[in-house]
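Chain A is already provided as a structure; the job is to place chain B on it using the hints.
Chains as they are written, first to last, in full-length UniProt numbering: chain A, 1 to 913; chain B, 1 to 196.
Note that these hints are calculated values from the structure, not bench results.
There may be inaccurate statements among the hints.
Claimed, not checked - In silico EDC-like links for lysine to aspartate or glutamate, alpha-carbon gap of 16 Å or less:
1) Lys163/A x Asp182/A
2) Lys561/A x Asp601/A
3) Lys67/B x Asp346/A
4) Lys163/A x Glu92/A
5) Lys156/B x Asp133/A
6) Lys26/A x Glu41/A
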Amino acid sequence: MWERTLQDLIRGLRANKKDEAKFIAKAVDEIRDEVRGKDMELKAGAVLKLTYLDMLGYDMSWASFHVVEVMSSPRIHLKSIGYLAAGLSFHEDTDVLMLTTNSLKKDLNSRAEDVAVTLNGFSQIVNADLARDLGPEVIRLLTHSRPHIRKRAIIALYRVLDKHPGLREQAVPRLRERLEDDDPGVVAAAVNVLCELARKNPTDYLALAPQLFHLLTTSSNNWMLIKLIKLFGSLTPHEPRLVKKLQPPITDLISTTPAVSLLYECVHTCIIGGMLHGSQGNALARTCVTKLANFLQDSDQNLKYIALMALVKIVPSHPYLVAEYQEMIMSSVNDHDISIRMRALDLISAMANNLQSIVQQLLSHLARNESNGLPSAVQSLSQYSQGPSTPGIVTLNNPSMNPAYRLTLAQRILILCSQDTYESVTDFEWYLSVLVDLAYIANVDVGEQIRDQLVDVAARVRGVRGYAVQLMTKLLSDDSFLLNAGEGGSCSEVLWAAAWICGEYCSELAEPQKLLNYLLQPKVLTLPPEIVSVYLQGALKVFGSWAAELAEQWDDESLPKVKITVNTVLERIRDFASNADIEVQERAANIQGLFSFVNADLQAFHPKSTSNDIDYGEDSSSGFGVETPSVEPRFPKGLFLVHPLFSTYELNPVAASAQASVPIPDGLDLDAWIVPPPKEETEEAGGADGGADVVKVRKAKKGKGKAGIGGKTKKQKQVDLYEEEDVLSAPVETEEEKAERERVSFCFSRKQERLERQRDDPFYLTDSRQPAQGPTQDDVDLIPVVRLDDLPGLSEGSSASASRLPTLKSASKPRPPQAFVIDRVGEMPKGAKPPSLFSSPSSARSPPLSNGSGGTPVASTPSFFPQYEVEDDIPRTGTPPPIKVTRTKKKKKGTGTGTKKSRTSSVVPVDNT
Amino acid sequence: MIHAVLIFNTSGVPRLTKFYTPLQQSSQTLVQKIYSLVSSRQASLCNFLDAPELESFLGQTDDNGEKLRVVYRNYATLYFVFVVDSAESELGILDLIQVFVESLDRAFENVCELDLVYHFDEAHHILSEVIQGGLVLETNVEEIDRAVQEAAKARKESFASANPLSLGGGGVGSRGGTLQTPLHWITDRLTGVRAR
Chain A
1 MWERTLQDLI RGLRANKKDE AKFIAKAVDE IRDEVRGKDM ELKAGAVLKL TYLDMLGYDM
61 SWASFHVVEV MSSPRIHLKS IGYLAAGLSF HEDTDVLMLT TNSLKKDLNS RAEDVAVTLN
121 GFSQIVNADL ARDLGPEVIR LLTHSRPHIR KRAIIALYRV LDKHPGLREQ AVPRLRERLE
181 DDDPGVVAAA VNVLCELARK NPTDYLALAP QLFHLLTTSS NNWMLIKLIK LFGSLTPHEP
241 RLVKKLQPPI TDLISTTPAV SLLYECVHTC IIGGMLHGSQ GNALARTCVT KLANFLQDSD
301 QNLKYIALMA LVKIVPSHPY LVAEYQEMIM SSVNDHDISI RMRALDLISA MANNLQSIVQ
361 QLLSHLARNE SNGLPSAVQS LSQYSQGPST PGIVTLNNPS MNPAYRLTLA QRILILCSQD
421 TYESVTDFEW YLSVLVDLAY IANVDVGEQI RDQLVDVAAR VRGVRGYAVQ LMTKLLSDDS
481 FLLNAGEGGS CSEVLWAAAW ICGEYCSELA EPQKLLNYLL QPKVLTLPPE IVSVYLQGAL
541 KVFGSWAAEL AEQWDDESLP KVKITVNTVL ERIRDFASNA DIEVQERAAN IQGLFSFVNA
601 DLQAFHPKST SNDIDYGEDS SSGFGVETPS VEPRFPKGLF LVHPLFSTYE LNPVAASAQA
661 SVPIPDGLDL DAWIVPPPKE ETEEAGGADG GADVVKVRKA KKGKGKAGIG GKTKKQKQVD
721 LYEEEDVLSA PVETEEEKAE RERVSFCFSR KQERLERQRD DPFYLTDSRQ PAQGPTQDDV
781 DLIPVVRLDD LPGLSEGSSA SASRLPTLKS ASKPRPPQAF VIDRVGEMPK GAKPPSLFSS
841 PSSARSPPLS NGSGGTPVAS TPSFFPQYEV EDDIPRTGTP PPIKVTRTKK KKKGTGTGTK
901 KSRTSSVVPV DNT
Chain B
1 MIHAVLIFNT SGVPRLTKFY TPLQQSSQTL VQKIYSLVSS RQASLCNFLD APELESFLGQ
61 TDDNGEKLRV VYRNYATLYF VFVVDSAESE LGILDLIQVF VESLDRAFEN VCELDLVYHF
121 DEAHHILSEV IQGGLVLETN VEEIDRAVQE AAKARKESFA SANPLSLGGG GVGSRGGTLQ
181 TPLHWITDRL TGVRAR
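Isolated chain A (complex conformation) (with noise of 0.2 Å):
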């Protein structure tokens, strides 16, 4: 037999370093047997091989009772083992620790040796249970004779009472006791632990504050020093009256201690204590800073760190004092540690006095790649000749390139400039090029951060559209930014913002129609889906202002013009509309049908005058539009097509809390179970029963529109759907559809199974009254919100919505609050996918703009929600009729904070494809 001591483990582990696996594996399986044996010097041995083995990482739970068994020995040699074990390898809920409250009890209670090794280990592994039981013993410990057990035993206490406060009571006049111990060692741990239970329930210890202060003024041992003086500063924001007694010893230890760690914590003391309010206070908020700074210009790369962390605190009080220092601090920034430069970081945004300059200078630290490694160069150098060579030399010289502290650095920006609403900006096209700046010179991922600074501060501040929107142009017009734009860090996403922006407020440009060629060139194809589709609604809002513009003051001379834009748009959008990406086919084929609209319209305008335009060959008929010029208007009429789809209502941001205060009507509790699901219910079903609330409304809703339809009920027409296109497509109809059938059918099955199972339940009160409502009941309970909502937009195409609008526009008696609020919560999960793919990027967006994302979308594809929450209802002058815009008022209570606008058309789709 020959059992291996953990120096033969150690020594075969570096032995077989190549074969480690392998060699632990066989190692873990004698030590399996080991531990199972009789032989107690055996079992602890492997015990603790398996300690060691736990800290590389191989699991030894499985032993614990085995560790147990070596815990309990008599001898102290393999007990410590134990122990040691027991602490390595233990936690809370570990379940045989309720095996060892007898045997620590024993040990507690035996030789000082033993005591001191179960001391220790019980502060390791002790849980409330083991507290309970034991922290009677570990308090009758401390009156031990030896002052080494006392010791053990006031810091196991610690844990005890953290564990168990229940022994509070019992245990803290014991410890006051141990205050005035003979032995300083004894004390010292007594001022710990107190100042560990003080940290968490300070009012509880003020009684203590003479003892500690006499401790305070008479000791000279700087480690208990040091704890007393953190104890004060838990002490003094509960007991105002301690901070004139204690300003005189404290200012005394600042002044004359020597040791720099007890200076600092004294400094550290006063700030956070609250001890530097009145005119004796700010004197000493002047000592204080005065020591930092001259921490600050230390050689010692700790004070500075130090000296950072507390100028960080005293800041909020005495910003004056720091901003004495803004220099110092400022090229502290540049430190090449990088725990100083997020330290001073953290110190900067809380001074943030001068946001400017501040900004400008951590631009330039982002700016500066390679700078930074000549003023450490030096220093670098002479740590060459004093130690061994670190690894990773080249990350060091420059923390300025490390991306974390990137990503660190221009977040640090953003949350500066953007915090409490801009409240520290002033000047808004400064920030704006700040922000193109950070977006060129970052390096790192921040550019959704960016995009949704840039959109929400074009949409917040008014007068800085003009020339956000100049600044974007420019952005868009970056050949070189739009082929980076595929790298890590390029923050490609600012171009989001800057499609966007130049979308919606190209009216501030003289000829926005330029910006068609940026937004749809060719290029624009290799950028991500999401900011595709954004560059097309774009050029699509772009168009739109410029036409309409073109149209109020028509001339005739511009009709070639604006032919050919539209036919470079068409021309161009072709590539767009076979994108891969669903979102931008959608819309690109939007943008097609819309168009060939414009350009059949422009093909049919006859100017009055004789006409130029020799490409389409229309010269002859020209003369007709002169016969009708009262009733015709002298422009074409489709220019007029695109615009008013999005500039009917100007674009508000919302307050963020603006859908939460639109208040439930009395009755309704959402969180109730009008029915309560069967427990067999499988998930589909379920979520039909769930939403039985939304389905009760949508039924009301239902009425309306079916008597615009003609009579036929939702599911009926959905089978006539069905059946025309079996019969337009293909005889046999696909899988697909057999399935949705079927599936159709099944519910309907299950449905017809529930309400005969339930109909004797009394707790099923809606469902019996529905029944009384009408045949049609089934039927609106079967269908699918998602097919009720796609369907007819999708295969149906403008005839259904065409016929629906005016219904409803007929009808358009507000309809209580109520049913949209529900509705819309009832729709939107389930809700078309084209707005959920698109709205992405937005949703990681601040709340406010919730409108700029969620009203292009809905424009962009017929709408499937029949009305919308607007605030006022003013019909567009000017429009001709064939676009109509339907909207219907909401009432919105509540916030007087934010206005809600939330601009939405419905649009009669035109489909030409």
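Structure of chain B alone, referenced to chain A:
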């Protein structure tokens, strides 16, 4: 309080890991993370590890909402890393590391990495005389040394009585300290002399 004491070498191999509170990550990932950050730092930099990567990694904050701090010192081939909360004085912990190293040096004459490798248990016993359950037990090197010797003697005697035929084993001999690194922080200003 002190949340963890880690010792690993300049290649990132752990030599001693002791956690006084359960951490979210496994000790291996924590050691690797801290190692990757610490090992790239020059000796001239400060002894507080503060990196953007670490903030999200440690995550845990103490009761006052303050972040855990990582204080480290490098001695020859070993890094001594203490993870502490704001109840501990940052500079005090730097001294404590020094105290711990001096205690190790007293127990193993001229302590080196191999001592910690082969006397892994002994290193833990010494640590237990400095820190117990996350709180500082003793800061006086003499006192610590005495306690270490006493405990080692008790174990040795117990071992001898259980194995009357064995030679030696258990415990380490004391040969007195030779490491001359006074406690600068507490007693005097440190003037550019580093532990390295």
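**Report entry** Earlier hints that do not hold, by number
**Finding:** Violated hints (numbers, rising): 1, 5 and 6; every other hint is consistent with the structure.
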